[in-house]
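Enquirer: Using the sequences and the accompanying hints, generate a full structural model.
The residues making up each chain are set out below.
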Amino acid sequence: MTLFELSKSGRIGYELPNNNIEDFEIEIPEHLLRKKPPKLPELNEVDIVRHYTNLASKNYSVDVDFYPLGSCTMKYNPKFNEKMASIDNFTLIHPYQPVETVQGSLSLMYELKNMLCEITGMDDMTLQPAAGAHGELTGILIAKAYHLSKGDTKRIKAIVPDSAHGTNPASARMAGFEVVEIKSGPDGRVDLNELEKALGDDVAVLMLTNPNTLGLFEKDIDKITEMVHKAGALLYYDGANLNALLGRTRPGDMGFDIVHLNLHKTFSTPHGMGGPGSGPVGVKKHLAKFLPIPEIIKDGDVFKLNYNKPDSIGMVRSFYGNFSVMVRAYVYIKTMGNDGLKKVGHMAVLNANYLRKKVEKIMPIAYPDICMHEFVSTCENLTKETGVKALDIAKRLLDYGVHAPTMYFPLIVHEDFMIEPTETESKDTLDNFAEILKKIFEEARQNPDLVKNAPYNTPVRRLDDVTASRKPIFKFNFKGDK
Amino acid sequence: MTLFELSKSGRIGYELPNNNIEDFEIEIPEHLLRKKPPKLPELNEVDIVRHYTNLASKNYSVDVDFYPLGSCTMKYNPKFNEKMASIDNFTLIHPYQPVETVQGSLSLMYELKNMLCEITGMDDMTLQPAAGAHGELTGILIAKAYHLSKGDTKRIKAIVPDSAHGTNPASARMAGFEVVEIKSGPDGRVDLNELEKALGDDVAVLMLTNPNTLGLFEKDIDKITEMVHKAGALLYYDGANLNALLGRTRPGDMGFDIVHLNLHKTFSTPHGMGGPGSGPVGVKKHLAKFLPIPEIIKDGDVFKLNYNKPDSIGMVRSFYGNFSVMVRAYVYIKTMGNDGLKKVGHMAVLNANYLRKKVEKIMPIAYPDICMHEFVSTCENLTKETGVKALDIAKRLLDYGVHAPTMYFPLIVHEDFMIEPTETESKDTLDNFAEILKKIFEEARQNPDLVKNAPYNTPVRRLDDVTASRKPIFKFNFKGDK
Amino acid sequence: MHRYIPHTEEEINEMLNEIGVKSLEDLYVGVPKTIDNYNFENGKDEFTLKNEIIKLSQKNKIFKPENIFMGAGIYFHHIPTIVEHLANNQRFVTAYTPYQAEVSQGTLQALFEYQTMMCELTGMEVANSSMYDGATALAEAMLMAVRINNRHKILVSKAINPEYIKVSKTYCTPQNIEIEEISWTDEGTIDLDDLKNKIDADTSAVVVGYPNFFGVIEDLKLIKENLPEKIIFIVVSEPISLALLEPPKTFGADIVVGEGQSLGITPNFGGPGIGFFTTLEKYVRKMPGRIIGETKDIEGKKGYVMILQTREQHIRRAKATSNICSNHALMALYNAIYMATMGPQGLKQVALMSYNAAHYLSKKLEEKGYKRVFSGPFLNEFAFTVNEKYKEKWHELALNDFLGPIPLEFIYPELKNIALACCTEVNTKESINALLKNF
Amino acid sequence: MHRYIPHTEEEINEMLNEIGVKSLEDLYVGVPKTIDNYNFENGKDEFTLKNEIIKLSQKNKIFKPENIFMGAGIYFHHIPTIVEHLANNQRFVTAYTPYQAEVSQGTLQALFEYQTMMCELTGMEVANSSMYDGATALAEAMLMAVRINNRHKILVSKAINPEYIKVSKTYCTPQNIEIEEISWTDEGTIDLDDLKNKIDADTSAVVVGYPNFFGVIEDLKLIKENLPEKIIFIVVSEPISLALLEPPKTFGADIVVGEGQSLGITPNFGGPGIGFFTTLEKYVRKMPGRIIGETKDIEGKKGYVMILQTREQHIRRAKATSNICSNHALMALYNAIYMATMGPQGLKQVALMSYNAAHYLSKKLEEKGYKRVFSGPFLNEFAFTVNEKYKEKWHELALNDFLGPIPLEFIYPELKNIALACCTEVNTKESINALLKNF
Ligand SMILES: Cc1ncc(COP(=O)(O)O)c(C=O)c1O
Ligand SMILES: Cc1ncc(COP(=O)(O)O)c(C=O)c1O
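Residue numbers (the working numbering), protein chains in the order written: chain C, 1493 to 1974; chain L, 1493 to 1974; chain W, 517 to 955; chain V, 517 to 955.
Keep in mind that a hint or two might mislead.
Here are the simulated lysine to aspartate or glutamate pairs, EDC-like style, with alpha carbons at most 20 Å apart [as the list claims (entries may be wrong)]:
hint, chain 1, residue 1, chain 2, residue 2
1, W, Lys-549, C, Glu-1610
2, V, Lys-714, V, Glu-741
3, W, Lys-577, C, Asp-1580
4, V, Lys-817, L, Glu-1497
5, W, Lys-945, C, Asp-1515
6, V, Lys-880, L, Glu-1519
7, L, Lys-1575, V, Glu-568
8, W, Lys-818, C, Asp-1956
9, C, Lys-1963, W, Glu-797
10, V, Lys-740, V, Asp-707
11, V, Lys-549, L, Asp-1831
Simulated coverage check for chain C against chain L, where a stretch passes if three residues somewhere in it have a Cβ under 8 Å from a Cβ of chain L [as the list claims (entries may be wrong)]:
hint, region
12, 1588-1602
13, 1907-1921
Derived by calculation from the structure, the hints in this document are not laboratory data.
Positions of the beta carbon are idealized from the N, C-alpha and C atoms, including for glycine.
Expert: What follows is the structure, encoded as structure tokens:
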């Protein structure tokens, strides 16, 4: 049932304080005054509590079980971070408060920025972007500003490998670039010849994810850096997969000029059903002046906001970013520390390789190589043999109580699963997942329809998303509405 | 899976601070030092989070849906109360702190006590008892002390109606009384003749629940009071059903000498899977000196604990009672206030009578009279007709997503349901419950086995509690244990 | 051993064995080792860290809600306890984007209900399930307008939130979309003459606030009457005010966007809040962001899924309507629970109480000789003249536990000696009187 | 209309109609109307009340955990965040006693696991799923002893928590069970001669602390050796100490009870904590309180139910083993989550750190000339002599943010100029040194 069906005219769920102020005449022109109240539901507190308690139970989440969604780094979200982020002295702060009353927040952001610079090997950073894609846009705008600042107006292209996440080309496009997609080599990595062909004095930036979305490290990164820089372009690092490199190497050390991070991946802040996240952008020294305003600076012992950056690309969102998300990431980094973060990277890679070995016995790995934090496998053979597709297997996994991996991405592999276990999962969990997968493959061979009609044990059976998009229903249809 | 099966040797879920203190030699005699560590589970934080998240999902609760458990007053437990009760300044207080550092707690308790006195019409009160039964014991000990203080040693009996809750006779017994059970009259109320017969100079107290466990008001209460007092005995009020009388009358006004309350019923504090509750005991002036120590007194503007009560029955538990539960009840009373509490009583009675009318169409009401906050119905006819018992219907209710009412209590009705909707449930909820009940009765007639084998949609199917008690398994059986 | 990482030494060895390598090092073939240690401390335990972080947080100062008279885009309203209580359910919080709809009905239904309520408030036909904030929602609205009519100039009332204009410029400039600002009148409303002058054949959209940044209620009817056909009418609104104001749809708005923080979200030092985005069905395929739609499962049971994903970056890549991927779904849940709790009456009462409080403050200030800067009708925010010293006074006020009206010079350097006051339902007569003692 | 009461006027009328009465008044046939109004205020909204209650709470003073040196039955240990986080799940909190086992497996399994862990800690064979507190657990243990051997005298070490003795007397006296106290020796342990003297044919049980109220570790082996057969050996223990101490079962304890607050529960001004109760299988039918057992459903799937209910009041009524009905189940959940989080190593580390801190404090006090009162081995609490002024000093310490060792005179009027100090793992060397400056 929806809130709207539960609603009963006259029921209330709130009570407001009495401000002891008389009613003033409403001096708003009649035609601007609302005639029909919005059809918000009218509910008692208990109705609302039950509605959302029951909705929550219909959700799979990291706190329920394994969530091996490749590229999303669904690691455990520590509750301690949640608790710290909910401290009143953090949440009840207006962004325009006098600067002397927000030193706690500014200090935290300043320190977080520095720690993230250290982790990425970059020189300066903005915390303003609200998500990974937002960080990409910010980073690419910086690249654009950089070239324009040198009077170089002909660099209208951004190169993106075909294995890249969709946000990469989309962000480059939003920044006004023409997107050049280059084909990956047979080893799943950047094909240096293709890159060479694409590079030229009209190229502003190469956007790279390293390890890439196949979970493979770009071994030729030094060469790539050299080529890109030689061509006068900048190298952009999509940090979605940074987890793999913690404690080993840093984008800055590999020669990247611009980096975005996903605090909601690598730094354990929860995904919140799809957000809010936080997508800080780090740059090398020569690009620092292009970072968004305001920047947080330390003046003696005092933290300040500096809006005076004439070369800045401007603001990419209001205020300073998703502060509450930053608190979580800050607490996480402090909790893990130098020793812990190193361990994170190593165990993430260990887990992925271990699971790769297990999955390999069930279906082929798209690029059978030692992987980093994730790997991509494909059930194409099974599909040909039985008609059972990756989607069907995904749905059947739900029946067994685990979340499905990412599917149909990267686009260069067919009927694929992108599997990222993260470091917070135990060997038992991985073993169990492989067992289930194996069982489903057996089912697919013995009784393909069983798998094709999955799921069975979920709050709803398989949903019709084709009709949903063809004849879209965008909102609740109140009786009496046409 | 249990925690113990999830456990992996060497895994940890904690980290402790460093207190910078050197290791001292353990000066405990060798034979008193533990040899084998306790087999507590060894888990990572995420394991624990998932374990309890999934366990919680297997629980029905007030926040999930309707919980018409008669005699238990399963009303909505406001979240605001929870929030207030969790304020650090309430929870992080040691009971032995200097009294000047606990004025907040003492002041709250003092005010709560006064409000409860006002609600019950009593003169003084203790907040020390931890639950209803604990309050009963306290109250009955006060009755005992009262008689003994008058040198009256022959009052060795406590009278309890046969409709009483099991705790009544059990508490009386614990206080050293001989329990005399009197049969209810044909109208489900105290039979004055039976009472007359039982009364005598060996009777210390009559324990009464009013409205009684059939949801019926003891209309002859004035007469009863007179008889009991005339016989030199005291009148004890089991406050489990006080909800019904809010805004209408008070046990004190009816002549009761001693009252216990269940803050976890009438005053909305959650039941916590069976506790903690709180069972304050109020008395009339002449009994105040027998109340447990310490009492909270106000001396000018300062609140103090007074242990100097020579006639007190002593302490019934350590410290001052379940303070966190008191905070919730305090916040509830403040939230409802005079106007709100009156409404609570009225709507509780309205709901019960409305649902009674609906249920009446499905099965007989044991004592078909206007009821107070609850009523008792019986499916005895259906059982005779189909073999389907109250228990079966209860289990089938679970399949339809509502909790079963109390069953097989009071003992004087067979195959019965004691149904208490409380005031926080809406007409829709009651209508829906009646619909479901009707459907189950139809099912029972058409396909009794369907109902007898219920439930089907619950985390487990019907459990074998007979074997469980016959061959009890008290704890997890670790491999290697015998 | 770490409480967030389960691996025992024994397991690590077993796993390396299974992989067929000798050491963790062997997993890094071709990956340069460029760091040994980060230059920060090792990890800390909860107890120690908690002390540190609480100490840090105490370097912030929080104000009693009744003593806060600052709005300017972020508002202190009363948030019923159940909003955070329910939204903090970790089965919402630790879920990802609902890619597997069958195990995400909680997320999907909650967002579908959110969309419905945003449509009800704005009067519009479609809402997406969130944007990052009000500013990026507006920027995306502009890009959408350009997609619709393929013109490249946007006229923006200068009286909307200046941060929104800044962000819009960051988004639009790289795509060669020109943003031109329209000045305000003495009433604090958009200057219609200026607007008419600037409209030309390449004008894609016109943006106004409702109420605008100064709290003034623009006459959307009048503005719309002055817009040639095909121009996309974008309204930036504040959702609580829509409980009192006629929805923009009535006046022909094409896109209504804004910041949803006031609907049950704490200020959070500016983020996360949420951007809401609503429009007309005919434009839906040009719309950015995720949309949840109703559908059925194979047994005919109602359910919800993400729809029209072909607009989105993971499918459309460079041709997507936007690059947005992660959005602010959890904040939409806060909004939804807040709206469900307040209902139509509650929301209206909030708006009215805020109105009354602001008008009481304004009246009292006028009695003391302070002047309102704009004469147009206002809801719960208004600008008034202050003297030169107010900028310092404002800091003093903070020492005295008041978050006073903000000196507008911080935001519009050209607006000297003007402060913007804000009241909500939590300001009382007493707190207003106490504030007034400082004026 | 009220946010906790759903009825609209219209519904009330519909419902009265269905019942067949005209007014609410008609539902109160025969129920006297004796009040019109309670003499307190009408209800208040959340915002107003929250302010009031926070203000009230601030009349309490909380201390930094590291500055707390008071135990005496209630302890400040570090509580990992997940304990409260998980136990506050409202699907636990708002559930009742698991009468419908099929929809209460969360409760039942959690309690079954709790029982298992309490058995592990104490070494005993059965644990119930909770009592109100340590004191009532002991009182019930005495009643149980009497049920077992039908004798009527209980000998109690005077060195156990005095509140427990008081409560036990309240419980036992009405049943004509005599409680006699056994004095302590200079070591702070039970006086075996006194004990032996007092044991007679009507002695039902002997009760000792392990560690006792003064923190001294009694030699259970020695005591047991002095107990004639049939006497029930009751040990009152502190669960965290059992991570370090040999479980009482080893020494022949028949019943082990105590307060479980130290296992993950905040002090709560003394309540709720939880009483734990463990014994041997052979006595289980004499045991009070609820017990959860493992079983199977009709499909053979493992599950949990309440067992041996025929001992309980709702079935046995006057003949029940106890009147206890509601218990402290939710606190058992706190205990369980805490133990699951700490594990065997963590719990031991807590005990050791507490040991070290207390011994450090004791050593330093001795260096300053203070004397320990008892010479027996202690764990994390110890009594030491103070001067006359300490009672006032203790209040001063509170002003200086220290909750100092408690003057024992408050508890044992006969123990003048003695204080009881307590350390846990959260006291640091720095905080101890800071405390010492006051001595
Ligand atoms: C490789 C990669 N890049 C970028 C993104 C976009 O990040 P966000 O969703 O935070 O905008 C993602 C998200 O899944 C990703 O996997
Ligand atoms: C009528 C009645 N009396 C007493 C009690 C005992 O209360 P408690 O469970 O709090 O001990 C109950 C509990 O169900 C009850 O219903």
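Enquirer: Against each hint, give a clear statement of whether it holds in the structure.
Expert: Consistency of the hints with the structure:
no.: 1; hint: W:Lys-549 - C:Glu-1610; result: 15 Å, holds
no.: 2; hint: V:Lys-714 - V:Glu-741; result: 15 Å, holds
no.: 3; hint: W:Lys-577 - C:Asp-1580; result: 10 Å, holds
no.: 4; hint: V:Lys-817 - L:Glu-1497; result: 16 Å, holds
no.: 5; hint: W:Lys-945 - C:Asp-1515; result: 12 Å, holds
no.: 6; hint: V:Lys-880 - L:Glu-1519; result: 17 Å, holds
no.: 7; hint: L:Lys-1575 - V:Glu-568; result: 14 Å, holds
no.: 8; hint: W:Lys-818 - C:Asp-1956; result: 10 Å, holds
no.: 9; hint: C:Lys-1963 - W:Glu-797; result: 12 Å, holds
no.: 10; hint: V:Lys-740 - V:Asp-707; result: 13 Å, holds
no.: 11; hint: V:Lys-549 - L:Asp-1831; result: 16 Å, holds
no.: 12; hint: 1588-1602; result: violated (count 0)
no.: 13; hint: 1907-1921; result: holds (count 4)
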